[in-house]
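So the protein lines, in turn, are chains H and C. Residues 1 to 181 (the UniProt record's numbering) make up the first sequence, in order. Residues 1 to 181 (the UniProt record's numbering) make up the second sequence, in order.
For the record, the hints were derived by calculation from the structure and aren't laboratory data. Where a beta carbon is used, it is the ideal one built from N, C-alpha and C, also for glycine. Not one of these hints is a red herring.
Which chain H residues face chain C? A few, computed with CB under 7 angstroms, are given here: (1) Ile80; (2) Arg90; (3) His147; (4) Lys159; (5) Asn163; (6) Ser166.
So these bits of chain C aren't anywhere near chain H, every CB distance computed over 12 angstroms: (7) Met23; (8) His34; (9) Glu51; (10) Ile54; (11) Asp59; (12) Asp62; (13) Val65; (14) Leu124; (15) Asn127; (16) Glu131; (17) Leu136.
Listed below, chain by chain, are the residues.
2 protein chains.
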Amino acid sequence: MNTLSYGLLSLLNKSPRSGYELMQQIQLFWPARHSQIYPLLAKLQEAGSVEFIIVPQSDKPDKKVYSITQAGKNLLREWISQPTADPINRDELMIKIFCISLTNLNQAELLLSQRECYYRNKLLFLNEKIERISLLAGAPLESLSMHNPSFGSYMLVKKAILNTESNLEWCKWAAMMLRNS
Amino acid sequence: MNTLSYGLLSLLNKSPRSGYELMQQIQLFWPARHSQIYPLLAKLQEAGSVEFIIVPQSDKPDKKVYSITQAGKNLLREWISQPTADPINRDELMIKIFCISLTNLNQAELLLSQRECYYRNKLLFLNEKIERISLLAGAPLESLSMHNPSFGSYMLVKKAILNTESNLEWCKWAAMMLRNS
DNA sequence: TTAACCATGTAATCTGTTACATGATTCA
DNA sequence: TGAATCATGTAACAGATTACATGGTTAA
Numbered sequence: 001m002n003t004l005s006y007g008l009l010s011l012l013n014k015s016p017r018s019g020y021e022l023m024q025q026i027q028l029f030w031p032a033r034h035s036q037i038y039p040l041l042a043k044l045q046e047a048g049s050v051e052f053i054i055v056p057q058s059d060k061p062d063k064k065v066y067s068i069t070q071a072g073k074n075l076l077r078e079w080i081s082q083p084t085a086d087p088i089n090r091d092e093l094m095i096k097i098f099c100i101s102l103t104n105l106n107q108a109e110l111l112l113s114q115r116e117c118y119y120r121n122k123l124l125f126l127n128e129k130i131e132r133i134s135l136l137a138g139a140p141l142e143s144l145s146m147h148n149p150s151f152g153s154y155m156l157v158k159k160a161i162l163n164t165e166s167n168l169e170w171c172k173w174a175a176m177m178l179r180n181s
Numbered sequence: 001m002n003t004l005s006y007g008l009l010s011l012l013n014k015s016p017r018s019g020y021e022l023m024q025q026i027q028l029f030w031p032a033r034h035s036q037i038y039p040l041l042a043k044l045q046e047a048g049s050v051e052f053i054i055v056p057q058s059d060k061p062d063k064k065v066y067s068i069t070q071a072g073k074n075l076l077r078e079w080i081s082q083p084t085a086d087p088i089n090r091d092e093l094m095i096k097i098f099c100i101s102l103t104n105l106n107q108a109e110l111l112l113s114q115r116e117c118y119y120r121n122k123l124l125f126l127n128e129k130i131e132r133i134s135l136l137a138g139a140p141l142e143s144l145s146m147h148n149p150s151f152g153s154y155m156l157v158k159k160a161i162l163n164t165e166s167n168l169e170w171c172k173w174a175a176m177m178l179r180n181s
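Let the hints inform the model, and build the full structure from the sequences given.
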């Protein structure tokens, strides 16, 4: 059981999903490729933490829809009470910015504007996401209770939005610092 | 040449350092252990990107002090102009918060307060760091030019501070959301 | 007709963590 | 006396990425 396994269980704890859907939806809090997810799902199934049914589809390929078992829920609950590892952030851009004096102003401005664009798109995506959560929750988001099924998603997306906004702010500040050079 | 290698080169581009010092100083932008760094330094040296001298110390163990070579600088400069990978963030806490409804309010509040404490300490550390940069730079930080040797560090620490503040903000907001449950 | 999306899987490789190994100095 | 810091290295293992493999549908 590694962290990604718990991530998969946490999604399945909300509702049954296929491996493909899990792969798409876990990106926001634990980036992973399908080649990592499919073998883990098989292991979780062998261990009795999840089970699946094959759902035939006419327009698309058939899919395996996984559900969490009671054993899986217990595992997840136990894990929550164990010590939490520190967050890990790795960003190539910060290395490049750190030694930006090796290149010229244009290069530096390009790097920053590309990243600003990335964060802008991310914000658009996150705002769409929060609107979808709002519709699903059926209540004003600010008054959501911990037991509302949408609560977890809201907390997650809210954090992603705050972080992305602070990153955008930094991009603008950094570009300004460059222009004043 | 992987990203960590460029991270090491970017530090050596500022000034010569030992493997041990590199290990400590790279944590802020690319977390890595000494067991990853020492073999990479050996490879970089074989490739002619860095060189080292052994500096004997009386009170502490002798150390290898590495410097970047011209070839290393060229490598680094070329790398900056190549496409930049998206940033990667992984945080166990977000998985736990996502399925927090499995546990009780106390558990949830504990998780958040522990993380808040972590971010508070990080902020203290970063503020100390920025003061040291300020002393070193010998000029008001807000007017630092791109070619000042402290510019890169300032950009880096500034981003870390903005991010940590936004994370702290989220922690407080999330705790409030819980209390209103 | 070409690319994108849906859908699942395995193999090879690279990256990162934990553990093993050694040994001096300093501080509580 | 025991823990922490300085200092460098290797080995084993776990985690993550890229590439290989297959094949249908849909929209530009």
